[in-house]
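Participant: Sequence:
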Amino acid sequence: MTTLWGDLTWELLESDFQAAYKTTARLGPGKLAEIKEESGGFTSQVVFVTLDWIGEAAAELPGKAVLKIVSSQTLKDIKNLTVEGSTDDAELDVPAMLNNNELNFYRHWHKWGLGDLPVVKFLAGRDVEADSAIGYIALEYKEGMTARFLYNTIPEESFIQFLKVMARVHGVTLANQSFASDFPSNVRKLLNSKYVTYASTASHLEKVLEQYPEAAEKVNNMKEYAKIYSDYDREQAIRKKTCPIELLAHGDTSLANVLWQKHGENGLDLTALHDWQTCHVGNPFMDLSRLMALSLAPELLQNRRNDYLHIYYDEFKTHAGEATPWKNGDEVVDAFEQIFPLEMVSVTSLLVPFVPLMLRTCPAAEKEAAKVELFEKLRGVIELCDEFIRKWNLTQ
Numbered sequence: 001m002t003t004l005w006g007d008l009t010w011e012l013l014e015s016d017f018q019a020a021y022k023t024t025a026r027l028g029p030g031k032l033a034e035i036k037e038e039s040g041g042f043t044s045q046v047v048f049v050t051l052d053w054i055g056e057a058a059a060e061l062p063g064k065a066v067l068k069i070v071s072s073q074t075l076k077d078i079k080n081l082t083v084e085g086s087t088d089d090a091e092l093d094v095p096a097m098l099n100n101n102e103l104n105f106y107r108h109w110h111k112w113g114l115g116d117l118p119v120v121k122f123l124a125g126r127d128v129e130a131d132s133a134i135g136y137i138a139l140e141y142k143e144g145m146t147a148r149f150l151y152n153t154i155p156e157e158s159f160i161q162f163l164k165v166m167a168r169v170h171g172v173t174l175a176n177q178s179f180a181s182d183f184p185s186n187v188r189k190l191l192n193s194k195y196v197t198y199a200s201t202a203s204h205l206e207k208v209l210e211q212y213p214e215a216a217e218k219v220n221n222m223k224e225y226a227k228i229y230s231d232y233d234r235e236q237a238i239r240k241k242t243c244p245i246e247l248l249a250h251g252d253t254s255l256a257n258v259l260w261q262k263h264g265e266n267g268l269d270l271t272a273l274h275d276w277q278t279c280h281v282g283n284p285f286m287d288l289s290r291l292m293a294l295s296l297a298p299e300l301l302q303n304r305r306n307d308y309l310h311i312y313y314d315e316f317k318t319h320a321g322e323a324t325p326w327k328n329g330d331e332v333v334d335a336f337e338q339i340f341p342l343e344m345v346s347v348t349s350l351l352v353p354f355v356p357l358m359l360r361t362c363p364a365a366e367k368e369a370a371k372v373e374l375f376e377k378l379r380g381v382i383e384l385c386d387e388f389i390r391k392w393n394l395t396q
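Going left to right, the sequence shown walks through residues 1 to 396 as full-length UniProt numbering numbers them.
Keep in mind the hints are simulated off the structure, nothing from the lab. Errors might be hidden in some of the hints.
Said to hold, decoys possible - Quick list of in silico lysine-lysine cross-link-like pairs, DSSO-like style, CA-CA up to 30 Å:
hint, residue 1, residue 2
1, Lys262, Lys142
2, Lys391, Lys317
3, Lys327, Lys317
4, Lys121, Lys189
5, Lys194, Lys142
6, Lys31, Lys164
7, Lys111, Lys31
8, Lys367, Lys391
9, Lys367, Lys36
10, Lys121, Lys241
11, Lys391, Lys111
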């Protein structure tokens with residue numbers, strides 16, 4: 001058996017592609033695997049492969065693919081940063097859960113009425129099962145794509161493209177509620193119950209305070225609010241109040257989970273949305289909170305967010321019809337403001353320890369400027385969390 005990466009072998013990959021494409025073609029000597037550091041995920045390893053097919057209908061088979069292979073070691077490293085003092089080995093199940101959840105999405109999404117949603121083409125994959133620790137997803141390799149990361153921001157028109165794609169995902173699944181039956185479990189709820197607790201969030205916010213000592217009052221207000229993570233009923237009440245009907249949520253709407261294509265000097269077009277590991281049946285404002293907080297420059301987040309929410313609502317209605325959970329765009333704004341802290345207090349507390357990992361994809365010459373930009377972005381999120389907590393009296 002020839003190792004491709006970790007426990008995944010070329011023979012296993014070949015067998016899975018043969019089954020997916022109903023072919024007897026074999027992989028030849030020109031097969032190649034390449035790992036690029038800038039493309040690595042937090043809970044999976046990304047491997048670019050060249051597939052040298054020989055035999056039956058070889059020319060019709062994919063010549064290249066991108067593999068996402070689950071990695072328990074990566075998650076161990078993450079947990080060492082985020083859950084201090086834990087000796088629980090159950091986190092080894094999390095990469096498997098994420099791999100299988102994303103595979104479930106690719107196997108079912110075409111049934112949900114989403115039409116030509118810009119999603120990376122699925123080629124083949126393997127669930128992690130009880131008797132096997134091997135799991136991966138093979139996706140189409142697209143030429144000419146460029147990446148953006150959490151330390152980047154994007155042009156306003158590119159952000160609006162992303163916003164409208166999410167309005168479409170949310171709106172279509174409001175009109176097609178049968179999609180929910182294709183989810184055997186809710187990955188986001190399972191992850192939150194494991195990693196998003198008051199104790200862990202309060203501890204992480206101490207590190208946020210070290211980075212932003214001048215924002216002590218705001219960070220302490222966030223810490224007081226974080227008690228909600230120990231009150232499941234209160235948390236669920238806010239989710240239901242802001243959107244009584246659960247929709248398809250992507251779960252991780254960051255710039256890094258989009259394939260972008262450059263045009264002109266600074267333009268970026270959204271080509272495909274990927275990384276559906278944490279997609280779930282849930283509240284759309286969790287997606288919108290991450291999208292706005294992690295994509296926009298602080299001044300746009302502060303000054304233009306309501307305009308963007310009205311754009312979202314108008315697009316949402318074109319896919320959902322008039323029977324929406326909100327009467328108008330102003331109700332969307334109110335709902336967003338109440339959900340934003342619920343999502344971003346915990347996310348912000350986690351991002352500070354993650355900064356070194358996030359910057360690993362940044363060229364050395366640009367790293368210091370990227371670090372400054374990222375911390376300024378997070379400062380804007382802290383200010384907005386504090387503003388909404390106070391406005392809606394959310395610590396009561």
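Participant: If a hint holds in the structure, say so; if it does not, say that too.
Facilitator: Hint check:
1. Straight-line distance between C-alpha atoms of Lys262 and Lys142 comes to about 13 Å, which keeps the hinted pair within the 30 Å bound.
2. Note on Lys391 and Lys317: the hinted pairing holds, with a Cα-Cα distance of about 28 Å set against a maximum of 30 Å.
3. A threshold of 30 Å between alpha carbons decides the hint, and for Lys327 with Lys317 the separation of about 11 Å falls inside it, so the pair holds.
4. Straight-line distance between C-alpha atoms of Lys121 and Lys189 comes to about 27 Å, which keeps the hinted pair within the 30 Å bound.
5. This hinted pair does not check out: Lys194 and Lys142 have alpha carbons roughly 35 Å apart, beyond 30 Å.
6. Between Lys31 and Lys164 the alpha-carbon distance is near 39 Å, which puts this suggested pair outside the 30 Å criterion.
7. Distance hint between Lys111 and Lys31 is unfulfilled; the C-alpha atoms sit about 34 Å from each other, more than 30 Å.
8. A threshold of 30 Å between alpha carbons decides the hint, and for Lys367 with Lys391 the separation of about 36 Å lies outside it, so the pair is violated.
9. About 18 Å separates the Cα atoms of Lys367 and Lys36, which keeps this hinted pair within 30 Å; it holds.
10. Proximity of Lys121 to Lys241 is assessed by CA-CA distance (about 36 Å); at most 30 Å being required, the pair is judged violated.
11. For the hint pairing Lys391 with Lys111, the CA-to-CA distance comes to about 41 Å; that exceeds 30 Å, so the pair is violated.
Of the numbered hints given earlier, the model fails hints 5, 6, 7, 8, 10 and 11; all others are met.
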